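Student: Got two chains here, each in a separate frame; can you build the complex from them with the hints?
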Amino acid sequence: METKLPPASTPTSPSSPGLSPVPPPDKVDGFSRRSLRRARPRRSHSSSQFRYQSNQQELTPLPLLKDVPASELHELLSRKLAQCGVMFDFLDCVADLKGKEVKRAALNELVECVGSTRGVLIEPVYPDIIRMISVNIFRTLPPSENPEFDPEEDEPNLEPSWPHLQLVYEFFLRFLESPDFQPSVAKRYVDQKFVLMLLELFDSEDPREREYLKTILHRVYGKFLGLRAYIRKQCNHIFLRFIYELEHFNGVAELLEILGSIINGFALPLKTEHKQFLVRVLIPLHSVKSLSVFHAQLAYCVVQFLEKDATLTEHVIRGLLKYWPKTCTQKEVMFLGEMEEILDVIEPSQFVKIQEPLFKQVARCVSSPHFQVAERALYFWNNEYILSLIEDNCHTVLPAVFGTLYQVSKEHWNQTIVSLIYNVLKTFMEMNGKLFDELTASYKLEKQQEQQKAQERQELWQGLEELRLRRLQGTQGAKDGPLPRPTPQVAASGGQS
Amino acid sequence: MAGAAGPRAAPGAAGGDGDDSLYPIAVLIDELRNEDVQLRLNSIKKLSTIALALGVERTRTELLPFLTDTIYDEDEVLLALAEQLGNFTGLVGGPDFAHCLLPPLESLATVEETVVRDKAVESLRQISQEHTPVALEAHFVPLVKRLASGDWFTSRTSACGLFSVCYPRASNAVKAEIRQHFRSLCSDDTPMVRRAAASKLGEFAKVLELDSVKTEIVPLFTNLASDEQDSVRLLAVEACVSIAQLLSQDDLEALVIPILRQAAEDKSWRVRYMVADKFSELQKAVGPKITLNDLIPAFQSLLKDCEAEVRAAAAHKVKELCENLPTEGREAIIVNQILPYIKELVSDTNQHVKSALASVIMGLSTILGKENTIEHLLPLFLAQLKDECPEVRLNIISNLDCVNEVIGIRQLSQSLLPAIVELAEDAKWRVRLAIIEYMPLLAGQLGVEFFDEKLNSLCMAWLVDHVYAIREAATNNLMKLVQKFGTEWAQNTIVPKVLVMANDPNYLHRMTTLFCINALSEACGQEITTKQMLPIVLKMAGDQVANVRFNVAKSLQKIGPILDTDALQGKVKPVLQKLGQDEDMDVKYFAQEAISVVAQRLRKLDVLVKDREEPRIPGADKNLFLIPRGPGEDTGKGPACQLHVNTRDTLAQLEIAELVHFLQSRE
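Residue numbers (the numbering used here), protein chains in the order written: chain A, 376 to 872; chain B, 4 to 670.
Just chain B, with the same shape it has in the complex (with noise of 0.2 angstroms):
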């Protein structure tokens, strides 16, 4: 523990004692007190190292004072101040003395900025660990009674997150007051506090006695509930949850439920809201009895709700609802209990309800197996398909495996065909991009052959799309593709569609020739990047387009690890040095820079190469022969891979990107 730091470290430091006068406090000080916030924030964030060139005591009664009374600053510093103290036991001298961090946290506690409080507050609850029971009770339980009968809101709300931690570990009286002190927040003047209790209610419950749940807990969320507010009515839900885990049945039902019954029905559509949000977590606290008698009803309603707000929540929750439902007896509760309600969702008038729902249902077909998903939930999934909102069939394409798994995707494939080629030439590219990001799921779920016949057109197709951000992706697709189908299958479709495009007349898809190399080489490996790639891109050193021109030299750069000295030496390196003179500045640039990574390769396969041959045949040093297989494998790991120029590479053009992003949105 932190701890050990404490007594023990004078011993340790007494050699350095010579340094504390170096550091008189005032210098330090001053430091926390810059004019400049930034500076003092860097002070602040580094106030553990001021801490220990102090040494505990010192801290103790001179550092700590010094920051409980400066706690008016910017409230950037107070935050970094809070998270700080939380971790200072050990550098005030251990567990004995952590309640001299006390005073700073509980100013902190009361600030009005609420990320301050909420930091100060959790520090306050790390802090009360490291606490012994008699100090506890001592100096940790009167700050949150006072912070508890603050007069401002703030210092209240702060106080609700501190019950919990100091309850378990005090006395029977105290934890009577702890408990007073509660229930008065619970009915506060202030509806924030109200609030933070509401928040807090089932944390402390479940640190008390199960009697005072019942004859004191169950009142307060009674109250909550029903708050006049209901920003405070729907906190009461979330304690619910918890709350409902500790008591019985018989309690649950006579207690609990009714109000649960309530909220789900409550005239504010935000209280409805949380109850269909909780949903799955209600459904398990209560058991699986109260959610056939009350859950299932609650959710029905909840799926027709007049708000589309409720029901695109409840509509989230309905795969998770029928989980979680006993496996007895399961099937017909969801076919005629949910499965009514969900059909009428599938032509909800918001498209929000029912991309909810298409995120989900999918998963529905293994709860159900196969032959009610087909009798009951291909249509819906067919229906949703052919859904006017993008959205909507994405959702349920990109959930696919779910139904793979269970009747087999072909079942879906006459309807799957035109939706995907549908959203593959949507007008959004936000869409298309989506929809590409599947495209290596369902080419897996698809097979190569249905995937050579109906799907590479598009992929290739998407090569050659205006959207810089779907060209891109495309490339990244060609790659996942060649990963799943394996080389002979790039050689055979791809890698040829690719090269053909060097020859295109805009230089954009000659690019893209160039971006498709780079994304392929590696997957492809050696033979076919020395083979059939290289000579394209060497070809294209020539070609009218700076931008091309200097592409090529970065590709050059990214495919060099994957080639061996032959090729480097020979073909790629003179290219390289006759872009090095090119009349344009960038393709100088990039050409040189990728003659030095090149170089570089070169030189660590020499080494190499000499490393090995040395010990064998010493006066080799001659190598321009050897083809050592070392190198040539270890174009994953080996040392050219570690010189960082492929992520300084991507970084750049990912800026690239976006700027290109950005200038075509506007076009």
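So that you can see chain A by itself, here it is in the shape it has in the complex (with noise of 0.2 angstroms):
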């Protein structure tokens, strides 16, 4: 071991100075560890994969599936399954190459084999299919090349043993979706642990690994009912480390997909549990800071939600109301967005529950700085029904956005919003004109008393302050008797400490 070493430190040395890497031409100094971090090599990764495997036996091709005999197909259904259970380094790329080729003929085989031959998927196959498949894929994902890796701006890092993995995805999924295949069999080979460390790969930042477990987890869904429950508790797990510890997991935007199906066939009424789901994960899920990459299938979920149960809109927009954005004004567009597909569905009935709290915010997001902002709000009076909405409820919206909507007519910077404003109290105006001119005519006094209050309060809070001094004072006194403490201040911070 020591007497290596030598020599493989040397080659390096000389390698440097000359060879000191040049910048590439295009970037431009300043801000660019972005795009530094790319032009740097790629490093190795996903080794994780062949820290274990040793002692390499070398492959040899066997014969096809469909020269034997139907004897003899499944002992050589067996030996080509183990076959397959062999892994190879793809991170270099010319190691084994014959190897790698034989995987792959057998996998296509495999495949080929299982989609269209009937009378294959027996009993004493299962176990040998699960563990080639578990194998396979099954594996710690590494560490992601980025840190700070952003799904919508930077490249993901793709899976190197991508050209076998994709086979064996394949393979997986069409013994799912066989005639043949039996759940009744599988379920003894795909149980919990199965499951939960297929829900962990739904991590990886192959978007193409992602696409085939999540046709996968929704077969495993459909056929496996023993698991469902279990597979709904671990997606709950998923998301609330998401929300609430790491903020990171690339599949969550897969998982939710398959969790809007799932709602879709959800029987009435809806189980507590499901409830608690809505409430407890999914409306959470918003405050995530990566919102906008798995937000159309989120509102997917909340409006299938709704659809089936409208009990549950209050419930829902006050979370949204709860959780709105307030500094990102991108996801505040969306959240705008959402609410409007909410809208479109909600019941009246619902609609008079929270029409107050949800105007207050619509004329917040009006008086935005940001002009999208403040233009996808006003585009709810582009809405037909949300129109009829706040017609037949005007006494209750128009108050609760007028104020705002004067101000903000009057102050922003941007014409196109102070003209969709216009526009807006023109049709407040059509509505009800008396309720109009009446909120017209009270507007000022209005801002008045609010000032007025405002200066009630600074002078409640002085008062306070006076009092709190003077009773620390007081109770310095008390206290201390003839001790002179001159800082009754620096004694209080002490004391409560």
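Source of the hints: derived by calculation from the structure; they are not laboratory data.
Please read these numbers as outputs of a predicted model, since none were measured by experiment.
The beta carbon of each residue, even a glycine, is placed where N, CA and C say it ideally should be.
Since no wrong hints were added, every one of them can be taken at face value.
Computed Cβ-Cβ distance ranges for the label pairs, DEER-style:
(1) B:Glu334 <-> A:Glu527: 51 to 59 angstroms
(2) B:Gln340 <-> A:Pro538: 35 to 43 angstroms
(3) B:Gln252 <-> A:Gln567: 36 to 44 angstroms
(4) B:Glu231 <-> A:Gly712: 35 to 43 angstroms
One-sided excerpt, in silico: chain A residues whose CB lies under 10 angstroms from chain B:
(5) Pro517
(6) Pro518
(7) Leu571
(8) Arg616
(9) Ile618
(10) Glu620
(11) Leu621
(12) Arg655
(13) Lys701
(14) Lys735
(15) Arg832
(16) Trp836
(17) Gly838
(18) Glu840
Tutor: See the structure below:
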């Protein structure tokens, strides 16, 4: 070992000075960290998979499945499956090319066979099949090459072993979809542990892999009734961890897509467990920073729930208002979009329950200095159904938004917004001229009252502060008697801690 | 203690009784309920003021119930509330009533948002200490039990953090119950709770009786360390540090070490990373014998782990590991068992690994001594100084002082110089910036001669860098160099070169002269400033670029405190007055600002002189000819320095500098 080392380190030393990497010509000085990271040679990753692989045996091609008599088919199938359980190092793209080719051919053949030949899937091959799949797909995902990976901007790391992995996934899928497939037999091997590991793979950075996983998990959910509750529970854990602990999981959109179709199939009335999922998982999911990556799927799930059970509307809308983005305008636009989707399916009886807080928020959005937010909010008035809801409840909605609209119409920097607001105000005028006039008249008064209130508040707090100081001095006097303590405030902060 | 504000407050505050009626609880609660979140937040943050106004009794009977009921608010408000309540014991009447604070905190400990929950737990832990043992069992322990058996995972995770604070003060029967609850949370169904339990395992173990540690904690640890989720397993590694400190060597070897060994070879890189990351703590906890037998082999395998993350984490620990080895036989162990692996890391494929190593490797020289350093380490340093990655080179250079102590820097200077020059001219300005920051250190180590010969020209070249941040750093660098090498050196080597730039055709370079003068004047002192720098600054007042002119105004304001009355009155003031009439708005503004500062300064000088003179020569009111010693010396702490102008000025400059970075980076 030690004797080998010195030569290993020598070749690098001469290479450095002359060959220091020339920065790519298009890289401008400055904030180019992101691009630099990309420019640097891809480091070896996903190597965890090969860590415990040793003594690689040589693979030799076996006869084709279609060439053997039916009596020998299953024996050959087992041998092929065993062959496909041998793992190769894809980081070294020239290593063991022959072996890789043999495995690829065998996998191709398996895919073909399980998809088209009837009578292949008999009970004894199940364990071999599941073992082969497990060996190939289950692995600890490598550390992300880019810790600040942004799914919208950065190129994902693709799985180097994809040429084999894809075939394994394809095989797995066809296996599940085969008319001969028997869940009652398979459930002995596709158990909770298997599903848990399958779910962990959803964190893969490779979108191709997640796409396969999505379809596969969907089939598993469909075929293994006994695993359904467990799958839902584990998804919950993944989401909750994503929301409250890590803020990082690549497969959220895919999992939500599956859940969307699961929710679609929920029986009525909804179980408490499902409602809890909506309120405690789906709604808080809105607070995550990377919402844009999975918002479409999330909004679909939410609307699915509301179409199932309209009484959940109030919960959902209040939840969204609670998590309403305060600084991220991009998310705010998404929230407004989702809100409109919800309003599209809302029942008037539900609308009444949330109209006031909702429209106060909408008004806040209209007054956003970011014109896209303001614009998106104002588009609500282009929606016929929403407009009719507003009209039916204009005695509540109008006062909730009027002050803000009126003020913003005078102050907003963006002309488009100003003219949109004028249109809205005009609609209001036509809707209920009398109420409109009243509100215009009371607007000024309210402004004055607000100022007065602010002043009263200031006085109140000032009074409280004085009282506090006096009390502290009083306490001080009572406590310390003759001892002079000139700094009551210091004493106070010390006393409280 | 805070309790003093309680019952005894009553007589003291008796005079203020009339005030209470001014603030009916309704008004205060209205404030806490305000529609505007910001106002609500403000009110919550002043909750102690409200409580004080209400007095202890009404706080207990009216305010706290209200707070307990209105727990459904924005997380930000809840966070502030959770924090406030931790310091509330005094305001509810002292330790006897501390339990009144538990209901609102209990609800907060079940909230979804992690930060709120954590803060509530923190406050609960704080309050638990204020409970009497009786109250603790009557109120606090039941709360912990309720949380531990809550429906939703949030309350159970919160409970995990509370066991260790109530356990030591509980009776034996209750202790058994607490242990039982903790045990069940360690095998909770949800991984979130198991993670919380695993992360508190070490803390809990510390307060347990040794017997229970062996019979209960170790099995729990074993289970968590082989959990199905790697996120749980890795937390067990952390707990391992605390548990190892409690057990005897034999127990350690039998119970803990096999698990640790297994963690170092876990199939998940996150767990292995954790072992690498906690290596020094583990090493200290298990003691020298086990370190040699078990940890060194584990460390070796971490150093050649297949994941770069793990290797980098291990590389970071190399120095600490070596330092903490028993002195006897340390050299041999390092040379034979650690160095071979380090040598491989020097040529690692991953730059993070190399730079992690480079940041600690120099520290080994003090441990190994001169001969070993020259024989074994020097080749590695030299190789890393030539590394293709600038970060690696920088890390080596930034730790030169360690080597300097052992073998002297001269051994390295041959390779050092090309490395420094290369970094100084690196295409990335962040790299250039980093090396500039080490210049004063290098100058100190290499000595003035070597510096003048090899590095001085670099330092001057940075002054005309095309990135503002570099020019700025170069300016500060000059100041530090002057502090190191003295004014005479400055006068001979730096000042002339800086002043020449005042005639540069590029206005940015002319401004650099001004910035340098700003930075150097104080270090150079009054004489050089007045004689050499001031004339140049004054001359530049006639520059055709407005930016230069208003920077002249700023510079004059900045160096004002260093100048004497004569220069201020006779030279600075007229120029500033002229600039005050400038056609450019900004020039006018800065000139006027400077005029007022200079005028103040002059007045101060005046007053000081008068103060001094009056008792002695009552009639003397003309002082122009007086050059008092006091003001001349007091440049550092005199009244003129308290004008805050300088700070504001630099702030504005910083903002501009940021803007310039930004613009330049986008070019």
